[in-house]
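**Student:** Each chain is listed here by its residues.
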Amino acid sequence: MKSAVITFPGSNREGDVIRALRQATGHDPVSIWHQDADLPKGTDLVVLPGGFSYGDYLRCGAIAARAPVMDAVRAHAARGGLVLGICNGFQILVESGLLPGVLMRNAGLKFICKMQHLKVGRSDTAFTSHYSTGDIIKVAIAHGEGNYVADAETIARLEGENRVAFRYCDAQGDTKAGNPNGSLNDIAGIYSEKLNVLGMMPHPENLIETLVGGTDGRGLFESLSAYRGAA
Amino acid sequence: MKARITVTLKNGVLDPQGKAIEGALKSFGLEGIDSVRQGKVFDIELDSNDPAKAEELLKSACEKLLANTVIENYRVEILG
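So the protein sequences, as listed, match chains A and B. Per our numbering, residue 1 is the first one in the first sequence, and the count goes up by one each step. Per our numbering, residue 1001 is the first one in the second sequence, and the count goes up by one each step.
If you are wondering where the hints come from, they were derived from the structure by calculation, not from laboratory data. We put the beta carbon where it would ideally sit given N, CA and C, even for glycine. Heads up, a few of these hints could be off.
Keeping only pairs whose Cα atoms sit at most 20 angstroms apart, straight-line, the calculated EDC-like set for lysine to aspartate or glutamate is [stated by the list, open to error]:
| id | chain 1 | residue 1 | chain 2 | residue 2 |
| --- | --- | --- | --- | --- |
| 1 | B | 1059 | B | 1043 |
| 2 | B | 1019 | B | 1072 |
| 3 | B | 1026 | B | 1043 |
| 4 | B | 1010 | A | 151 |
| 5 | B | 1010 | A | 16 |
| 6 | B | 1064 | A | 56 |
| 7 | A | 110 | B | 1022 |
| 8 | B | 1053 | B | 1043 |
| 9 | B | 1040 | A | 153 |
Sample of chain B residues facing chain A (criterion: CB under 7 angstroms; computed from the structure) [as the list claims (entries may be wrong)]:
| id | residue |
| --- | --- |
| 10 | 1016 |
| 11 | 1017 |
| 12 | 1020 |
| 13 | 1021 |
| 14 | 1070 |
| 15 | 1073 |
So, partial list: chain B residues that the calculated Cβ filter (under 8 angstroms) puts toward chain A [what the hints assert, rightly or not]:
| id | residue |
| --- | --- |
| 16 | 1044 |
| 17 | 1065 |
| 18 | 1069 |
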């Protein structure tokens, strides 16, 4: 698994992602700057980390989505390469058109930073093979704009094609009760049509050590590490 | 030449910020406010003096960056 992590001006979770990938895969991912025009040859996975790219000016992720490196990310995704966008990375993916919908201001207007339970939508993808469908995992969320919104047709399509990767829930798995931000259908993360692009608001990269709250996020990076698809 | 671009949320898109502003205005006791929707205004200076060309350029700016057309509408006004 050759991975690359992109840093935009204002990204701040790239170090956490690099650490999680190193722990799961045993090697260091390559760091990519947003103005680079190409990804390293043979890259299997590109990660867009969390943060506040361009200070969230205009719309969260809007300016980063037009950065030079995003053309290379689009081409990589079109070839079937894996792309993971976490938090601001998810916002960048929807702004760049790689995933449908939009992330609006949280319904309660507040920035939410807390531990959050999620329900795993399916376990047959490159990102979730080390989980089971319906698993309830505890990770962290930290966002002001995580309220997933799309038109009814898009939501029906995501549901019909089983492309909801994670849903917010409470400790018992109740999704309605556990929705922190008003997201439609309690959506915390979605896949692209070919299941090779995943965008999610929660931070699995921060839950990889018992010392700092748990290891429920490890499964995602271990799944990626074990993946041997045609990228 | 100067132009103004106004970006507004499409009808039916939930606007929590507009709702909060609406609530604040109503809490002042200002009578007669039904609802508030928040948008954005961009004042842009252009080096061109051709209104048709300017409009075309600014539409493309809206489509490429200034508006997210999934949830937003935009209006371009050439102010002369």
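**Student:** So, against the hints stated earlier in the document, which numbers end up violated here?
**Tutor:** Hints 3, 5, 9, 13, 15, 16, 18 are the ones this structure does not satisfy, whereas the remaining hints hold.
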